[in-house]
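Chain U is fixed; fit chain H onto it per the hints.
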Amino acid sequence: MLNVKGLKCAFNNAGATVVGVDDVSFNIEKGACYALLGPSGCGKTTTLRCVAGLQEPSGGVIEIDGRVVYDATAGICVPTHERPIGVVFQSYAIWPHMTVFENVAYPLRVQRPRLRESEIRDRVMNVLSLVGMKDIGERPAPRLSGGQQQRVALARAIVRNPALVLLDEPLSNLDAVLRDHMRKELAELIARVGVTALFVTHDQIEAMSLAHRIAVMKDGRIVQEGAPREIYAHPRDIFVAQFLGAANTIDGVVDTALADGRARVRLNDGQSLTCRSAAQPGSPVTLVLRPERLRLSASRPDGSAGLAAQVRSVTFLGGFVECVTELGDARLRVIGPPDVSPEAGAGVWLCLLDEPIALPRRE
Amino acid sequence: MSASRTGRGDWLAVALPAAGALIALYLIAVPLGMLVYAAFRGPADFLPMEPGAQWTLDNMRAIVSDDALLTKVLPDTLIFVAGTVTLSTLMALALAWLIERTDLRGRTFWFALIIYPTLIPVVVKAIAWILLMSPNAGWANLALRALTGWSGEGPINIFSMTGLIFCQALSTTPFVFLQMSAALRSMNPTLEEASRASGATPLKTFFKVTLPVLLPGLLAPVILVTLITLEQFELPLIVGLPARINIFAFRIYNELNPASGLPNYGGAAAISLPFLALGLLALLAYNRAIRSADKFVTITGKAYAQTRIPLGRWRLPAYLFLLTFVAFSAALPTVILIWTSLFGFTAPGRANLADASFRAYASFLNDPVFWRAARNSFLVAISSAVIVTMVGAMIAWIVVRTKAPGRKVLDALTFMSLGIPSVIAGLAVMVVYLSFPVGLYGTVGILVIAYSYRLATTTRLARASIMQIGPELEEASRASGARWLTTQTRILLPLITPGLLSSFLLLFIIGMREFTIPFVLYSQENVVMSVLIWQLFQGGQPAHSAALGVMMIAMVLPIILLARRYIVARGGGA
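Same order as they appear, the protein sequences are chains U and H. In this text, residue positions in the first sequence follow the numbering used here: the first is 1, and each later residue adds one. In this text, residue positions in the second sequence follow the numbering used here: the first is 1001, and each later residue adds one.
Just chain U, with the same shape it has in the complex:
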């Protein structure tokens, strides 16, 4: 559906050339929802704007629905309005001089050949009821709440059945409670409409809950691409591990390499444990321990691996307890059930529910 190959985009910033996007390639299947995830300035929004044609790349190929819309070497650059897309902007960009209905009808009205008025009406009412806005079609656009604007923007983006919908940080303008709600609604809507979607976000929860596949970006490049579970469980480096969910890190050195991509790692304080790692013996590594994959125990666990640590602080957070433990000079955060409540300063055992991943560390 969407095929991006070797996309490059360089800016001219105060005389100096800044590379915003550097050799980005990815592929979205028809009907799939794909997320570009990364911190601000990583080039994700620039990538989206290049796909939309709102920004001209400096190299690469973009193909939407079998049609090449940009090809640097062939000199092809299809203007935005001729690309089969719909865009939901971060600020929603609802036109203030039109009603909700007219905002949504606009993509149909500018189509040539003209559509019949009755058809426009039906299709607009259809999408408006799809996003739950059927009753406020005649309201002037400036009088909409944030959540309503978001729905109108989405309705406008899908009304002409575009091959591809692009969403630029679609939830970041909403407050926390509304964001939670709209995220679920958006996931449901995308699934129901069956549209192919590319969206950009800096929020890992958004990316994981909405997308079938995620590309994590950093400094204009894709660092890792895959299904949410896959990336979460097998981050390629520390950046990805920490960007996707909370991650404790602790340094160590590979002692012995074991079979099938595992290794025995000795931590700085002398304890050792088995990790998933392909690193050679003697090479420095960083272990990634997800807080929810650790359990607190008063005694040495049998069966699973364990680490001796010291409790530094315990914070009761209602549904669970957050416990910060110390292991040498590293601090590990553990989430536990509220009934487990060790004393600060006490010795404690950390049970590992699965083998952690150990990533090579450059020193």
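I should point out that these hints are in silico values taken from the structure, not numbers from a laboratory. A couple of the hints might just be wrong.
Claimed, not checked - Using 20 Å as the maximum straight-line C-alpha spacing, the simulated DMTMM-like pairs for lysine to aspartate or glutamate come out as follows:
no.: 1; chain 1: H; residue 1: Lys1408; chain 2: H; residue 2: Glu1255
no.: 2; chain 1: H; residue 1: Lys1072; chain 2: H; residue 2: Glu1255
no.: 3; chain 1: H; residue 1: Lys1208; chain 2: U; residue 2: Glu56
no.: 4; chain 1: U; residue 1: Lys184; chain 2: U; residue 2: Asp203
no.: 5; chain 1: U; residue 1: Lys5; chain 2: U; residue 2: Asp65
no.: 6; chain 1: H; residue 1: Lys1204; chain 2: U; residue 2: Glu82
no.: 7; chain 1: H; residue 1: Lys1403; chain 2: H; residue 2: Glu1472
no.: 8; chain 1: U; residue 1: Lys218; chain 2: U; residue 2: Asp23
no.: 9; chain 1: U; residue 1: Lys30; chain 2: U; residue 2: Asp65
no.: 10; chain 1: U; residue 1: Lys8; chain 2: U; residue 2: Glu56
no.: 11; chain 1: H; residue 1: Lys1204; chain 2: U; residue 2: Asp203
no.: 12; chain 1: H; residue 1: Lys1208; chain 2: U; residue 2: Glu102
no.: 13; chain 1: U; residue 1: Lys8; chain 2: U; residue 2: Asp23
no.: 14; chain 1: U; residue 1: Lys5; chain 2: U; residue 2: Asp219
no.: 15; chain 1: H; residue 1: Lys1204; chain 2: U; residue 2: Asp269
no.: 16; chain 1: H; residue 1: Lys1208; chain 2: U; residue 2: Glu117
no.: 17; chain 1: U; residue 1: Lys5; chain 2: U; residue 2: Asp22
no.: 18; chain 1: U; residue 1: Lys30; chain 2: U; residue 2: Glu63
no.: 19; chain 1: H; residue 1: Lys1208; chain 2: U; residue 2: Glu82
no.: 20; chain 1: U; residue 1: Lys8; chain 2: U; residue 2: Glu63
no.: 21; chain 1: H; residue 1: Lys1403; chain 2: H; residue 2: Asp1010
Showing chain H alone in chain U's frame:
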């Protein structure tokens, strides 16, 4: 937080703003009240409170039965205003579009060149344009005749309605341009991007999204320029009068300075009433326009740089247009003034460069009139700017921060000052101080008072700065134990200083440029530079007149540049 809640000991919290409100009333309501009063008092050559004056409708009857007013003054005024507004709107929109939305090069440079002439007094520009486009010896005509072999006078005749409108539009365009480029800049670019992403062509996007969204923002400057044009006096006097164009401002002046007989105060006041009403009506429309513009878009969230439209093969015409505009509005007038100050009427082709002489400049050194005019200009411009900035800031504070009764009236009254033509302001002040024998008439003091009616200039700027400062900053100061005055001087004042400085600067420029009020209220004692320039030119001393114009620009320009630098450094926008 209201002044009434600021505690018992803080009588200053009530007294200071109250004093500010009283001064505002005195500066605006008293002259306007006197004007209306004078319109209904007669006989016409009596001052309204003079012994022997009584209530009458004669003045009103006189203007209704005055054919010249209906067949000449009104049409001339309307054609002049409509023509100027149309031409300057078109030019300003084109200029703003080129600079804000296209990939034109050297945008900062062009921007500076376009707004530079706003610093030059209109009298000075008027004289320069006459030197450039007068039918017999204007430089442009000399050049055109040499190029085309045209014989006789012309082909350009500045002394015509077309010439007047052209000059006036050149003079007002920079003001419209400033506001329009601000409107273009504040437009959220994603609104256009959303249209393109919906499948609309660039042309369709322009007509269906860009223009409708910008319309309220563009309407406000158009109405404002209508107001500005309505009160113009310099160009109609200097360029329009030889062409027998008679607009209302000039007519009012004529009533006060008739060719024979005594000044007709009642008649002048009566004529000003309909034009005052016209001005206030335009002001009402302006108020509505800025409100609906506010309701529309401003930039939200993180905005990307607007996509600039490539000029392509339109690049050359665009540069030609810019070059022509800047040549006529800024470059040629400046060159001509400098030339004339050195060579008098002798045009470049016929002059011997060795004949250049600084005599005109040197003669000012020992001329007491020059020194008086220079001192008066600065004195009046600075003191009225100080008064207006201080009083205006206090009124803005009352309106934004207190629940004082009557604050809405105060707000409306100060805003009204924007719609009062300056010739009417001058007339009203004249009637007040001729009626009350306080010894102000004919002094510099009356000019300071008359100039100071422009309170809206400050209140609008100060209001915006105060509104940006959360009331909790002042509340925190009070919660720390500071008294009202301490809070104002230590917290609020430093925060709004950049805004107040911009306002002061703007008023200073307006004061230095001002011609109408000192012309109407002229006396030997209170002559200012702009009036002196006109007198010298009238008296057949073009070199002296031009030299004074050059000196005025040379005096104002560095002050403005330095002050602007200071304000920008303090984080304000001027």
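Hints versus structure:
1. H/Lys1408 to H/Glu1255: 36 Å, violated
2. H/Lys1072 to H/Glu1255: 15 Å, holds
3. H/Lys1208 to U/Glu56: 24 Å, violated
4. U/Lys184 to U/Asp203: Holds, at about 14 Å.
5. U/Lys5 to U/Asp65: 14 Å, holds
6. H/Lys1204 to U/Glu82: 13 Å, holds
7. H/Lys1403 to H/Glu1472: 17 Å, holds
8. U/Lys218 to U/Asp23: Holds, because 12 Å separates the two Cα atoms, which is no more than 20 Å.
9. U/Lys30 to U/Asp65: This hinted pair holds, its Cα atoms lying about 9 Å apart.
10. U/Lys8 to U/Glu56: At roughly 10 Å apart (the allowed maximum being 20 Å), U/Glu56 and U/Lys8 satisfy the hint.
11. H/Lys1204 to U/Asp203: Cα-Cα ~36 Å, so violated.
12. H/Lys1208 to U/Glu102: With Cα atoms ~11 Å apart, H/Lys1208 and U/Glu102 stay inside 20 Å; holds.
13. U/Lys8 to U/Asp23: Answer holds: U/Lys8 to U/Asp23 is near 5 Å, not above 20 Å.
14. U/Lys5 to U/Asp219: 17 Å, holds
15. H/Lys1204 to U/Asp269: Outside the cut-off at roughly 69 Å; violated.
16. H/Lys1208 to U/Glu117: 18 Å, holds
17. U/Lys5 to U/Asp22: 11 Å, holds
18. U/Lys30 to U/Glu63: 13 Å, holds
19. H/Lys1208 to U/Glu82: Distance of about 17 Å is within 20 Å: holds.
20. U/Lys8 to U/Glu63: Since the Cα atoms of U/Lys8 and U/Glu63 sit roughly 14 Å apart, the hinted pair holds (cutoff 20 Å).
21. H/Lys1403 to H/Asp1010: 17 Å, holds
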